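Fit chain P to the known structure of chain Y by using the hints.
If you read the protein sequences in the order shown, they are chains Y and P. Numbered continuously in my numbering, the first sequence closes out at residue 588. Numbered continuously in my numbering, the second sequence closes out at residue 752.
Hints are computed from structural coordinates only; laboratory data are not their basis. These numbers come from a predicted model, not from an experiment. Every residue, glycine too, gets a C-beta built ideally from N, C-alpha and C. Do not rely on the hints blindly, as some may be mistaken.
[Unchecked claim] Which chain Y residues face chain P? A few, computed with CB under 8 Å, are given here:
id: 1; residue: Glu33
id: 2; residue: Glu158
id: 3; residue: Thr159
id: 4; residue: Gly160
id: 5; residue: Asp177
id: 6; residue: Ser181
id: 7; residue: Leu183
id: 8; residue: Ala185
id: 9; residue: Ile186
id: 10; residue: Phe189
id: 11; residue: Ala191
id: 12; residue: Asp192
id: 13; residue: Ser268
id: 14; residue: Glu483
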Amino acid sequence: MQDKSKAEAHSEQQLDKLRDIVIGQKLDQHKAEIQAESREQLAKVFTEALHDREVKDGSVNRVIQPIVTKAVEKSIKSQRSDFIDYLYPLVGSLVRKSVSVFFTDFIEKTNDIIENSFTLQGMKWRISAWRAGVSFSEYIASQTFLFKVEQVLLIHKETGALLQSLAANKGDDKNADLVSSMLIAINDFVADSFKLENAKHDDGDEQSLDQIKTDDFTLFIRKGPHVVLVAAVKGNMSRQGLEQLQLSLEQIQSIYLADLQAFNGDVSAFESATGLLQDCLLAEEKTDQEKSKTPVYGWLVLSGIMLLLAWYFYGWWQTTQIVNKIEQLNPPAGLVIQEVETHGRYDIEVKVFRDPISMSSEDWLAQNDIDLTLLSISEISLISLNNKAIKLKVERLMQAYPTLSFDPEMALVRGEIEISEFQAFLNKLNTIPGIEQLSVSTASVDLIREEIDLSNSKEVNEQLFIQLVGEISSVQVIFESGEASLPAEQSTNLDKVAELYSTISLLAEQLQRSTNLVIVGASDSTGEKSYNLQLSRQRSLAVRNALIERGLQAEHIFAVGVGEIDLPGDIKSTRKVLFNVMFAELND
Amino acid sequence: MMLQKKICILGPTGVGKTSLVKQYVEGIFSEKYLTSIGVKIDKKRVDLSPTPVQMMLWDLEGIDKYCGFNPRYLRGAAAYIIVADQTRTTSLSEAMEIHSEARNHTDVPAILAINKSDLTASSTWDVAKVDAHSSVFHKRFITSAKSGEQVEDMFAFIAKTITD
Chain Y
1 MQDKSKAEAH
11 SEQQLDKLRD
21 IVIGQKLDQH
31 KAEIQAESRE
41 QLAKVFTEAL
51 HDREVKDGSV
61 NRVIQPIVTK
71 AVEKSIKSQR
81 SDFIDYLYPL
91 VGSLVRKSVS
101 VFFTDFIEKT
111 NDIIENSFTL
121 QGMKWRISAW
131 RAGVSFSEYI
141 ASQTFLFKVE
151 QVLLIHKETG
161 ALLQSLAANK
171 GDDKNADLVS
181 SMLIAINDFV
191 ADSFKLENAK
201 HDDGDEQSLD
211 QIKTDDFTLF
221 IRKGPHVVLV
231 AAVKGNMSRQ
241 GLEQLQLSLE
251 QIQSIYLADL
261 QAFNGDVSAF
271 ESATGLLQDC
281 LLAEEKTDQE
291 KSKTPVYGWL
301 VLSGIMLLLA
311 WYFYGWWQTT
321 QIVNKIEQLN
331 PPAGLVIQEV
341 ETHGRYDIEV
351 KVFRDPISMS
361 SEDWLAQNDI
371 DLTLLSISEI
381 SLISLNNKAI
391 KLKVERLMQA
401 YPTLSFDPEM
411 ALVRGEIEIS
421 EFQAFLNKLN
431 TIPGIEQLSV
441 STASVDLIRE
451 EIDLSNSKEV
461 NEQLFIQLVG
471 EISSVQVIFE
481 SGEASLPAEQ
491 STNLDKVAEL
501 YSTISLLAEQ
511 LQRSTNLVIV
521 GASDSTGEKS
531 YNLQLSRQRS
541 LAVRNALIER
551 GLQAEHIFAV
561 GVGEIDLPGD
571 IKSTRKVLFN
581 VMFAELND
Chain P
589 MMLQKKICIL
599 GPTGVGKTSL
609 VKQYVEGIFS
619 EKYLTSIGVK
629 IDKKRVDLSP
639 TPVQMMLWDL
649 EGIDKYCGFN
659 PRYLRGAAAY
669 IIVADQTRTT
679 SLSEAMEIHS
689 EARNHTDVPA
699 ILAINKSDLT
709 ASSTWDVAKV
719 DAHSSVFHKR
729 FITSAKSGEQ
739 VEDMFAFIAK
749 TITD
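For reference, chain Y alone in the conformation it holds in the complex:
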């Protein structure tokens, strides 16, 4: 055994020596040459080889994908900031582009719809399309485009099998497989029917169809050794279009050569050919077409929408402005804004509390330039105790008494008036709610003594006598708390009493009656009873003296004090002096 292995080693050494002698010095040179040649050869078929291997077992993708993924991951990790710098401007421009594409698309589509539907030209086209028996969209395409490749078919030349197809409009390639077979059959028919007498039976001399023209379409047929590329074109195909068709055919023929040679009916290998077919789906718009560069109608619609939106939001803004304005207004006396509610655009509800004395809510809002058509006003009535409202009510009362005037600043009534009328005025004044807040002074009112026309008629005099007796009883002189001196503002009342009693005395004479005026003083229950009794007497005496000063005869005037009157409620109401006329018939 050992001898055998020794012999082998020896022969190996011998071979090495022989190699050295034959190619020793040229080995490196050979290697370099082979390397250069391989590179050149590989470059020639590199793309095709990649494709063939990918088609064969899909291994190229599987091998390259993880390598690329890792390379990208590594790059991102190591050059994070660089990637951010690369991507940052891209993201911005992507968003801008996407928005701009959306708007452009929207404008152009809208423009097309309007232009093709509502314009005179659109109507004409619609009628022409109807007359030609084609769909409106097809007709538009025929009018708008110089040419448009509607569909591309890639057909296996020998079998007529459809390898791949692509249509400009999805769904247009439903029967593409049948059409493909028919095209090949037609081509075979032509080749058979028009063959030249001296033609050989090979493909090179065969008559074949390059083009089939119908009313609507032209089919451009380009043949390679194994495939036929057919483009269904509307309009007149440009030279560039035909060149592109030829170029795509050559590329397909070259890339898919192996698949085509071994074609057994399996079309899945040609799925990736759509990219190359896509290059053939060309279209060129008519340049002489008076198709304005600016999509006017689209812009009009967009402007319309923008205007509508602006109008809508302006409405809201205006509504808000009106609400703010109303809320900031200073309402007049007797009017209180409870709430201003917005129910919608130009739909405002104003809820107010309003005293009947106050101006109407509508007038007030109109005065402040508020458009009433935008409002609904709901009012709730109230009695206002606002001083201004009370003054307004006094002013309104004054309108019935033209001889009197009212100074709202001083709360002072001036002028002259007959006593009876004045009494009626006072009664009405006192019915105004909250009037006591104003402390209205009537001290400046001059009372006119009424001329009593004493009639000779006993019944009339009797009637008047009873009336005046009643009237004098209604007069009250009110004192301040603990005071027995006459308040200045009570002077009018005393004048009235003196006037009334003088008239009563005159009537009593006519009616043969004797009369006496009883003055009853009273006090409230504040303080000692004995003091209050004293105070009530002093008050009635003060009134008696004042009446005597006004010309009444002392012997007919009697002053009494009844002390305190303990009434519930306002104690002021008992700090007063009352009057009563006691009379008797003289002949009794």
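Chain P alone, transformed into the frame defined by chain Y:
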């Protein structure tokens, strides 16, 4: 994945080629595909496992002694069917002529379809002769385009044969 295969149907005039195809494809494709160029093309998908196949059926116009057929139509065919009519004895010899002409252009599997099995065979119809001729075919089917007898079987057989 789906295979596309071309099948040609040939035979003398009036043997029922078009009716056979119509029976098979259930008349989905109307006469509009019957063109004056001498061929009518239909398609039928057969869901074979694992690979479905779509057969493009090239129904060639009736062939008689005055009018041959365009051999180009046979190009790329995966198989072809020669149809004869058992009610017309001469159709068998015509069919055999067509077959030998076809063989000049292609060597794909050829199927013999003896059609109109729903009718009584011609008195001169020689079964022994038919059997003798059948040997040059891949397989023979006795079909009826009217009743559908063996039509489906025949196309299913072809689909299987061409995909194996």
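Here's how the hints hold up against the structure:
no.: 1; hint: Glu33; verdict: 44 Å, violated
no.: 2; hint: Glu158; verdict: 4 Å, holds
no.: 3; hint: Thr159; verdict: 3 Å, holds
no.: 4; hint: Gly160; verdict: 6 Å, holds
no.: 5; hint: Asp177; verdict: 6 Å, holds
no.: 6; hint: Ser181; verdict: 5 Å, holds
no.: 7; hint: Leu183; verdict: 10 Å, violated
no.: 8; hint: Ala185; verdict: 5 Å, holds
no.: 9; hint: Ile186; verdict: 6 Å, holds
no.: 10; hint: Phe189; verdict: 4 Å, holds
no.: 11; hint: Ala191; verdict: 6 Å, holds
no.: 12; hint: Asp192; verdict: 4 Å, holds
no.: 13; hint: Ser268; verdict: 4 Å, holds
no.: 14; hint: Glu483; verdict: 123 Å, violated
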